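Chemist: Sequence:
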Amino acid sequence: METEYDQVLRSVAQVNIADQIGDSGEVDGDGVKVLCFTEVFDDVTIQFQIIRLAKQIYVWVGCNSAKFGSLYAAASTRPSNTVSVTSVLGGTSDNTGSGIARRLVLKTGLNIILACNIPKNNPLLEAKAEKVLIRKLIDLGYTMSKPVRAT
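Remember, this note's numbering sits 58 above the position in the sequence shown when you count from 1.
These aren't lab readings, by the way, just hints derived from the structure by calculation. Worth double-checking, as some hints may not be accurate.
[Stated by the list, open to error] Pair by pair, the computed Cβ-Cβ distance ranges are:
#: 1; residue 1: T144; residue 2: L93; range: 24 to 30 Å
#: 2; residue 1: L198; residue 2: S138; range: 24 to 30 Å
#: 3; residue 1: G89; residue 2: S138; range: 32 to 38 Å
#: 4; residue 1: T103; residue 2: D197; range: 38 to 44 Å
[What the hints assert, rightly or not] Subject to a maximum C-alpha distance of 30 Å in a straight line, what follows is the list of computed DSSO-like cross-link-like pairs (lysine-lysine):
#: 5; residue 1: K91; residue 2: K189
#: 6; residue 1: K194; residue 2: K91
#: 7; residue 1: K186; residue 2: K91
#: 8; residue 1: K194; residue 2: K125
#: 9; residue 1: K113; residue 2: K165
#: 10; residue 1: K125; residue 2: K186
Everything numeric in this text was worked out from a predicted model, so none of it was measured. We treat Cβ as the ideally placed atom computed from N, Cα and C, and that holds for glycine.
Using the sequences provided together with the hints, build the complete structure.
Modeler: Following this line, the structure appears as structure tokens:
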């Protein structure tokens, strides 16, 4: 007689994630897609992680460390299609990262969760990181053909 533990082990054995992972590190199919990459700007290393879920994108942007940073949630609000951003962890909604989250919603049309660890005193670095991030989202096909206009 098979125990509950044996049933769990059998079902886990049936799931072979290694077969689903492609060369890019992404999970194929309708599941979660994960992409990690690094860019260097003027001797400053910025790490990116993009996790594509069903109707939202989680993005982590880190500068010179693997610290989590502030966390923002942004979504298009109806009926006027404006974008609302809130600070979930650390900082306030006007800190570094809230603007990036707002513009990502406008560009993708999806809900955005953004963890941002970029120094507050470096707007040029923030702009460069956002440019790279949007370019990567366009390359991945996560953006809309025509961005939503906030009113």
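Chemist: Each hint needs a verdict: does it hold in this structure or not?
Modeler: Hints, one by one, checked against the model:
1. T144 <-> L93: 24 to 30 Å: holds (25 Å)
2. L198 <-> S138: 24 to 30 Å: holds (28 Å)
3. G89 <-> S138: 32 to 38 Å: holds (33 Å)
4. T103 <-> D197: 38 to 44 Å: violated (21 Å)
5. K91 <-> K189: holds (21 Å)
6. K194 <-> K91: holds (14 Å)
7. K186 <-> K91: Cα-Cα ~24 Å, so holds.
8. K194 <-> K125: holds (22 Å)
9. K113 <-> K165: Distance ~14 Å between K113 and K165 Cα, so the pair holds.
10. K125 <-> K186: holds (19 Å)
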